[in-house]
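All chains should be modelled from the sequences, with the hints used to inform the complete structure.
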Amino acid sequence: MKKNSHDIDSELIKKAKQGNHGAFNILTSKYYPRVYASIFSFIKSREDSEDLSQQTFIKVWQQLDSFRGDSAFFTWVYRIAINLAKNFVTSSGFKKQKINTSIEDTEIDISSFNDIESTVIHDESLEEINDYIDTLPESLKTAFVLREVEGKSYEDIAIITQTPIGTVRSRIFRARESIVEFIEKEIISNE
Amino acid sequence: MNNIKEKISAMYDGELNSSEVDELIEVLNQNKDMQKQLSLYSLINVAANHHSNELNPIESNKKSFKEIFSNIWFSNGLTAAATLLITLTFINYSDFSRLNENIDSTNQISDAINSKEAQLIAQRSEEYITDHVMKVLNDPSYMNTSNRIDLRNVGFNVNSKDGYSYIKGNEKFQLRIENKDFGLKNIRYWKHGNKMIYLVPLDNGKVVTLYGNISISSAREIAKSLNK
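Chain order of the listed sequences is H and D.
Here my numbering is used: the first residue of the first sequence is 81, the next is one more, and so on.
Here my numbering is used: the first residue of the second sequence is -10, the next is one more, and so on.
No false leads were mixed into what you were given.
Think about it this way: if two alpha-carbon atoms lie no more than 25 Å apart in a straight line, the pair counts; the simulated BS3-like pairs of lysine-lysine are:
no., chain 1, residue 1, chain 2, residue 2
1, D, K(-6), H, K232
2, H, K97, D, K21
3, D, K195, D, K169
4, D, K195, D, K217
5, D, K184, H, K232
6, D, K(-6), H, K221
7, D, K157, D, K217
8, D, K213, D, K184
9, H, K95, D, K(-6)
10, H, K95, D, K21
11, D, K213, D, K174
12, D, K25, H, K124
13, D, K(-6), D, K21
14, D, K169, D, K180
15, D, K150, H, K232
If you're looking for bench data, these hints aren't it; they were derived computationally from the structure.
See the structure below:
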C-alpha cells in the first residue's frame, strides 16, 4: 500500500514525539528550505532568516506534542515561522535584532541546515536554477514540472506522458539529480 | 546509492510503498548525507516554484470592479496598517513601491505599522486570515468540504467527476464556508501561481472562500449572487 506525504509525515511525527531525534531531523531536512525561503522572502536578510529558521524548528521541537494533526504539518510549521517573523519585524521596527534562544539549550541539532539554504535561496541563484531546469532534456523536464510545479501524482503523470509509473519516478529522480549537480557545481562552489 | 536516492525522491513526493518507508527512515536516521539529499530536493522545490510561490494581492484598474471589491490597499490609518501587515507577510516588507504611494504616505503607513495599536489590531484580526489562507494553500483536503451552494444562476455547476468543485467552461474552483466573519467587511483576494483566492463576507456573518482558476468577473458575479 502506498503512503502519501501526509502519512509519511504522520509516521515521522509519531516517532519524533516518542523522542526519536532522527525522525525529527528528517522532518527538518524536508521542510527547512521551505521555511527558510518563506522567511527570507520578506525579511531579506540571510543572517536573520537563518536565525528565525533555526528558532522555528526549535519551537517546533519544543511544541511537537501540541501538534494534533488537524492541519498539514507544514501548515503548522509555517504558522510558527510566520508568527516568529512577524514578531521579529514588528518588535524591532524592521531593525536588526538578535534571536535570543540558544541552540545549545535544545536537544536537537539544526545548526548544519543553514549552509546550503543561505547560499542558494536568493533571487539570483533561484533564477539560475530555473534557467537550468529549462535546459533539461524534454522528457525529464516534463515529468519534473508536472510533479513539482503542477503537483501531479506519479499516476497522473504516467497517464499524461503515456509512460510507466516506474519511468516517471526515474525521470523525476534523474531531473532532481541533475539539478543537484548543477547547484553543487555552479552555485555552491562559486560562492 | 542511486537506488536509495531515488527512494528519497519518491518519498519526498509521497509516492513510496509502506514497506519501503520504514526502511528508508532507518537509512535517513543514520546517514546525514542522505538527509542533506532530502533537503536539496526540498530546496529544488523552492526554486521550481520561485515565481508561483509569490502570493500577490492584486490591484485592479477597473473602476467598476473597485466599486464592488474593496482591495486591501486602503489609503490611510490603522486599517491600512493591519491589512498591510499580512500582505507584507507574503511579499516583502520593504516593497512599498507596490502601493503606488508617495514617500509621505509610505512614512505614515510605516509609522502606523510600527505603532502598538496597529500591531495589536494586525495580530488579532489578520492572524485568522493568514492561517486560513495558508491552510487553503497547503492542505489539499481543507477545501474539500461538503458545503454546497447552488451557483447555477451564475452558470456554475458542481463537477460530477469529483463532486466538490464547481465548473463553467475552463473555470474551475472549490468553495468553503466559514461560520465566522474574520472581521472582514469587504472581499479580499490574492493570486497564487495561476490560481486565485477570494474571501467573500456574506450578509449572514459567514465567509465564503473561493479557490481555483476563476476569473475576477466570475468571482464578482458569484459575490453578487451570494449576497442577494
